Structure formats: C-alpha cells, structure tokens
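Protein chains: 2
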Amino acid sequence: MTVAGTLYGVGVGPGDPELMTLKAARILSRAPVLAHFRKRGQLGQARSIVDGYQHPAAEELALEYPMTTERPFSDDTYRSAVTHFYNESASSIAAHLDAGRDVALVCEGDPFFYGSFMHIFNRLNGTYRVDVVPGIMGMAAAWTRSKSPFTYGDDVLTVLPGTLPLEVLVERMKTADVLVIMKLGSNFAKVRQGLAEAGLVERAIYVERASMPGEAIMRLAEKPDDSAPYFSMILVPGRGRRL
Amino acid sequence: MTVAGTLYGVGVGPGDPELMTLKAARILSRAPVLAHFRKRGQLGQARSIVDGYQHPAAEELALEYPMTTERPFSDDTYRSAVTHFYNESASSIAAHLDAGRDVALVCEGDPFFYGSFMHIFNRLNGTYRVDVVPGIMGMAAAWTRSKSPFTYGDDVLTVLPGTLPLEVLVERMKTADVLVIMKLGSNFAKVRQGLAEAGLVERAIYVERASMPGEAIMRLAEKPDDSAPYFSMILVPGRGRRL
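First to last, the sequence lines map onto chains A and B.
Sequential numbering of the first sequence, starting at 0, is according to numbering that gives the first Met the number 0.
Sequential numbering of the second sequence, starting at 0, is according to numbering that gives the first Met the number 0.
Be careful, since some hints might not be right.
All copies of an identical chain are treated as equivalent in the list; a pair is satisfied when it fits inside any one copy or across any two copies.
Using 30 Å as the maximum straight-line C-alpha spacing, the simulated DSS-like pairs for lysine-lysine come out as follows [stated by the list, open to error]: (1) LYS38 - LYS146; (2) LYS182 - LYS146; (3) LYS146 - LYS222; (4) LYS38 - LYS182; (5) LYS189 - LYS173.
Everything labelled a hint here was simulated from the structure, so no lab data went into it.
The structure displayed is predicted, hence computed values, not measured ones.
Given the sequences, and given the hints that come with them, work out the whole structure.
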C-alpha cells in the first residue's frame, strides 16, 4: 500500500524571494508537486516568488480561481462558486497525496493570515499529514520598507480589512494605537475618508508592493489619487516611547 | 577615509532556526560583528537561534540589559537606566560602524514588532546606513504550530499586550474578532480573568515556546495553573467562513 504524501502549506513571504524562510526553500527544492493559486491566465504572485527554488522536475498544479470577470455575482452564486472551487482544489491535491506524492502549496505572505490555503487546510487536515510553514507577512515588509518601527511597549495593534463598512472602519480607527489597513483596492477612497474622520491622515503611510519591483511608499497625505492595487496597505505606526 | 559600515537589524524568527529567512542567513554569514541583546549572565534567545549561522570569525558584541534583579524600580529610575542602556548600546555599535565594520544585530521575531532594536534604529538611522530584515513573528509560529487558521475574510485582528490593565483588556477583548495576547508572564492570571469576563475562554488556546524545544500547546480551559513564561501567548482564532 502506498504511503500518502504530505501537504505542505508554504508561506513564501511578501515578494522578495530572499524573504522566504530556509524551511520553505528546503521543502520547495524537494517537493515533487508545486501547487499554487492563480487567476485564470495569470501567473500567481506566490508562484512568481518561488520561481527557480522548486525541484527541477516538479509537476505543477495550478488552482484557478473561478472569479474571472468583473460582472457582479450575487452572494449565493459567489459562495457556491468559491465553495466548489475549494472542493475541486482539495480533490486535485488529494489525488497527488493518495499517489504518495508530497505537495507544496505556495502562499503569499503567511498561510494562516487571510489565506486561501486555510480553506484547503480545513478540508484535508485530519485525513492527510499537513505541515504549515509560516511566512513573512506583507505588513511586516511594509513597516520594514517604510522604515517605521511599529509597535512599542503596550501598544495595541489593530489589523483592519478595508472591505469593512465605513462606520465600522471609523469606530476601529478611533480606538487604535497602531493600525494596519489591508485589502485596499477599490476600498481606497472609503479608507482614506475613514482615516480623515478618525484624525489619522497625518500619521498614515501608504505602501504599495513592499519588497517587490515597483515598490512605492509615501505619506498618505501626499498620495494624489485614490487608485491602489488590492495588495497595497496603509500603516499608522506607533508613536513610540522615548527611551 | 574609511567608509562606515552598515547596521543590519536582522529578524531571526520565533525559535526554529529554519524559520530564519534566506536574507537573514546570508547577512549573518558575512557580517564581521554579531551583536545581540541579553540579560546579564544569559545567552539571549536571538543569539541562540542563529548559532552556527554566523561568520566563523565574527566578533561578538553582547548588549546587556540593565535589569538584573527583581527589586522594584521607580518609573524614573527604570526609564533612566533603560535610556542609558540604549545610548551606550548605540555607541558600541557606532564604534564598529565608524571603523568600517558591518554589524548584524539579531532580534527574536520581527525587529519592528515590539523589539528593543527599534530604540537602536531611532538613534542610528539617518547617521548610518541601516537595513532591516523582517522576521517571522512569534504569533505566526503560535498559530501555525497550534494548527489554527487565524484570520478569515474581513476579520479584524487585535494584538494585545498582557501588560495592560484588566479593564482595558476586557474592553478590547469584547470587541475583538480575532485576538493575540502577548507578554503573559506574571500577567497570566489577569489575562485569563479578562478572557472569562469577555466570554472567550472556550475559544482560547495557550501556546508556549512555539517552534522551539519544550513547545506546549493546550486549550486555555485545560491549563491547570497560572504560570507562563513572558514569551508565551494566548490565541483566539477566527471562527471562519464556510466556503
């Protein structure tokens, strides 16, 4: 009887391949199957990061998100399409594991921090051996690259998805010591309005593509437009303790 | 004239040396000076993690915290001792940089996330070239090792230092979707009481020494005592979206 393979959920960090961990690089160099999420027709970000680190004979398994167009899905249609996608993806991975092949599924940032991988983990953990490798989160790259020492002493850190409604954003922003706002994209104008209402625009830093080619960092107050890629961020660093 | 050296603030991750980044390992293998914080008479955690990765001829610079005894400091005495310590540490590092030697100052976890390094950065950045390497945070090791997919969809993540007063902890806990409580140590009983008042004990996981020898992970409800090392954590993971 074939011994089932192991699924590795490999965090590959924020963009610079050198910000991969030694463990991630070791697993990638050995795994016979390299799996990755992508939008149809695009090379996924995680897959781009690890290029050249995989085993030379690794078989590729591309898991393609079903959201290909900009047409609006109803919530039910969307949920059902995504659920079907994760079911099918887990089956494709399981077929390799059943045949005794280890699978390295690469994830941008950290696999358990807002990651698609969590939906695969929840389907396969327990049935198969699953080993998760943490990765440098995008927010750590953002505060490093913007040279912003971030949390001091007893600062409370709040991480806010920009997808939340304006009034929720403002309420959270007002009570925050130190703030990261993720998932900007089309939420950018709303997030900027929220920061204005919370009186935080002067402290805020906009970071795009941290640690990657095309990196852009500026004070939010100096950003001239409201366009931002989904994986950009806004940071409000701690004000520090003078020690 | 000698060209001044570069200060590297090197995040070395949560404990397992394989969770160092490729960039951290490269910098350590080349830096002529390996600097690290420690308590008097103890080998620092970051220094232990990198053992064997440094340049074989690297000179060691140990920066010893002034807090050696358990006797209570007044706030002023404490602040002044710590300020003096950071001033002296920055001077020791600057002397190497002035002589043209690069210095790698190793930091547990991420240098800009509640790190002593931030006080060195604030003193030397601008005068010297400073390059910061992000590291895997202890909380990422904790949620990975406890197999807890952590933040889903539009979950708000709150990171709370256990040093805060009980009433602040409870207020923050009550509004949290997803929670990390750091800096437990002697604050453990207070934090547990806060979680009880916020109705979160059943969802909470206690993690000690994640990714290190002696790792311990259990449901908070099953932890029999209130003793915890300072670098232990409590996690309250997201409840997920069924997709």
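Results for each hint:
| no. | hint | verdict |
| --- | --- | --- |
| 1 | LYS38 - LYS146 | between (32 Å within a copy, 27 Å between copies) |
| 2 | LYS182 - LYS146 | both (21 Å within a copy, 24 Å between copies) |
| 3 | LYS146 - LYS222 | within (18 Å within a copy, 40 Å between copies) |
| 4 | LYS38 - LYS182 | within (17 Å within a copy, 40 Å between copies) |
| 5 | LYS189 - LYS173 | both (15 Å within a copy, 26 Å between copies) |
Consistency with the previously given hints is maintained throughout, with no hint failing.
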